[in-house]
Amino acid sequence: ERLLGISTSAAEQARVIGSVAIPPKSTVSFGQPNAEPGAGDASGPPVLLDQLNPDLVPATSADVTFHFERAGDLTFPVPVEACP
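Taking the working numbering, the leading residue of the sequence shown gets 5, the next gets one more, and so forth.
Some hints here could point you the wrong way.
Unchecked claim - Estimated spans, in silico, between C-beta atoms of each pair:
id, residue 1, residue 2, range
1, T79, D54, 16 to 22 Å
2, I21, T79, 18 to 24 Å
3, P28, P58, 37 to 43 Å
What the hints contain is simulated information worked out from the structure, not anything from laboratory work. Think of the CB as a built atom: it goes at the ideal place given N, C-alpha and C, for glycine as much as any other residue.
Just need the whole structure built from these sequences, with the hints factored in.
What follows is the structure, given as structure tokens:
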């Protein structure tokens, strides 16, 4: 499987940075809770949401649609957390 793109009404632009391959019968994850940006991973985040809706506040969520090569489109509520 491969992540082709993302979309959301919660940001002006949503983009995949680089390629995200997902091996069969596995999961992938990125980042660690409360980790410093770039800590332990010089490649940066695999996806970016630019110019977020200013109405988003911590403890809410935004629907984000992930566009996969084989699975098609899947929409998930993505939690909004406060920045440190």
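How the hints compare with the structure:
no.: 1; hint: T79 to D54: 16 to 22 Å; result: holds, 19 Å
no.: 2; hint: I21 to T79: 18 to 24 Å; result: holds, 21 Å
no.: 3; hint: P28 to P58: 37 to 43 Å; result: holds, 40 Å
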